[in-house]
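*Asks:* Read top to bottom, the protein sequences are chains A and B.
At position 130 of the first sequence (counting the first as 1) the number is 130 in our numbering, and the numbers step up by one without a gap.
At position 105 of the second sequence (counting the first as 1) the number is 105 in our numbering, and the numbers step up by one without a gap.
Simulated from the structure, these hints should not be mistaken for laboratory data.
Treat the hints with care, since some could be wrong.
[Stated by the list, open to error] Residues from chain A that keep clear of chain B, each with C-beta distances beyond 10 Å, as calculated:
id, residue
1, 7
2, 152
3, 164
4, 173
[Said to hold, decoys possible] Here are the simulated lysine-lysine pairs, BS3-like style, with alpha carbons at most 30 Å apart:
id, chain 1, residue 1, chain 2, residue 2
5, A, 194, B, 156
6, B, 87, A, 194
7, B, 115, A, 43
8, A, 176, A, 130
9, B, 156, A, 130
10, A, 176, B, 130
11, A, 45, A, 194
12, B, 130, A, 127
Computed from a predicted model, the values in this text were never measured in an experiment.
C-beta: ideal position from N, C-alpha, C; glycine also.
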Amino acid sequence: MAIINQATRELQVKIVYYGPAMGGKTTNLFQVHDHVQTAAGNKGKLVSLATSSDRTLFFDFLPIEALAIKGYRTKFQLYTVPGQVIYNTTRQLVLRGVDGLVFVADSQFEKMAENVESFVNLEENLKCLKLDLAEIPYVLQYNKRDLPNAAPIEYMEFLLNNREVQVPSFASVAHKCEGVFETLNMITRLLLNKFVAQSTPQYA
Amino acid sequence: MGTLPQLVEEDIRQLDDTLHELLTRSDATTALVIDKAGFLITHVGGRRHFDLTSIAALASGAYAANQTIARLVREENFSSIYQQGQKYSILATNVDEHCLLVTIFKATVSVGAVKYFAAPTCARIAEQMKIAHAREPAAGLDLSALNLVDPSAIFKRRA
């Protein structure tokens, strides 16, 4: 849950990148870290708890501050979860206190079952934390669009974005930084709009 | 998302005073109040020496992981983790459902003393956080004052 520190005029928000193994979650964070435009000193250090073969073991963590919000220092804490099936307990831990989600799906045809399995797993893990996906802002990112065996976007939309309320989705090639900032900007926008909406005084 | 815990100046002042007292009594170097989601709420001491943002994120993860391990061995009474170092040691202590107290202290300082003084510190922090959580959201901060300049491009890619 977001923290608002009125004393220091800071808003802290947690965004978690979720999705199947090797889908590009960590690559998203690396690209944001490498390319984000920040005022001097505002870019945090990327912390990666990975195995010796660079697979995410616990989480990756990148704190960044937004340029575009006046009045408050808005700090976004970006996390990834380990995608491998065996690390489900770890994924639950990282989801704790989540404000917004980016689901990074792998566009390759043969990864569709893993995408769906991971999405179902996300919903289950949120339930364990007494959270409901319908109440959490999230966006979908269809990564690896440059691969020859990428499934059509329409097909991925049918599999992953076929709900009562459709969420924004983005095609991406994360290792080339294509679609990475579009995705990040959309989830931050959804989050901030939600905060503003829920803080607006209600009049009878 | 429910109500947002809004911390006003009085909350932070009370928390900082409590942390100052802990450092004075225990001879610790740095004390942090962190949210279990990984946010740094406030701290006293040590900003120049340590990357406290990363420490907050990692300490919350480490605490959660150890708590889960404890549950797996049917340990019901889990309230702290202690990392013993050669230069600095770290004690992370449970405050309440949402928060942890992280105390960083030189290896020469007794962990027993830190634990002893951390206990009442946690109780005082919990009390203050209870007040903050109970506060009416509208009584604190109007987030519409965020004044989004251009929400379509909050983060810009370097050219």
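*Asks:* Now tell me if each hint is right for this structure.
*Replies:* Each hint tested on the structure:
1. 7: The claim is violated: residue 7 of chain A sits with its nearest Cβ about 4 Å from chain B, within 10 Å.
2. 152: holds (27 Å)
3. 164: holds (20 Å)
4. 173: Residue 173 of chain A is indeed farther than 10 Å from all Cβ atoms of chain B, at 14 Å.
5. A:194 <-> B:156: holds (21 Å)
6. B:87 <-> A:194: violated (44 Å)
7. B:115 <-> A:43: With Cα atoms ~34 Å apart, residue 115 of chain B and residue 43 of chain A exceed 30 Å; violated.
8. A:176 <-> A:130: violated (37 Å)
9. B:156 <-> A:130: Violated - the C-alpha atoms of residue 130 of chain A and residue 156 of chain B are around 34 Å apart, more than 30 Å.
10. A:176 <-> B:130: violated (46 Å)
11. A:45 <-> A:194: holds (27 Å)
12. B:130 <-> A:127: holds (25 Å)
Taken one by one, the earlier hints fail for this structure at numbers 1, 6, 7, 8, 9, 10, listed in ascending order.
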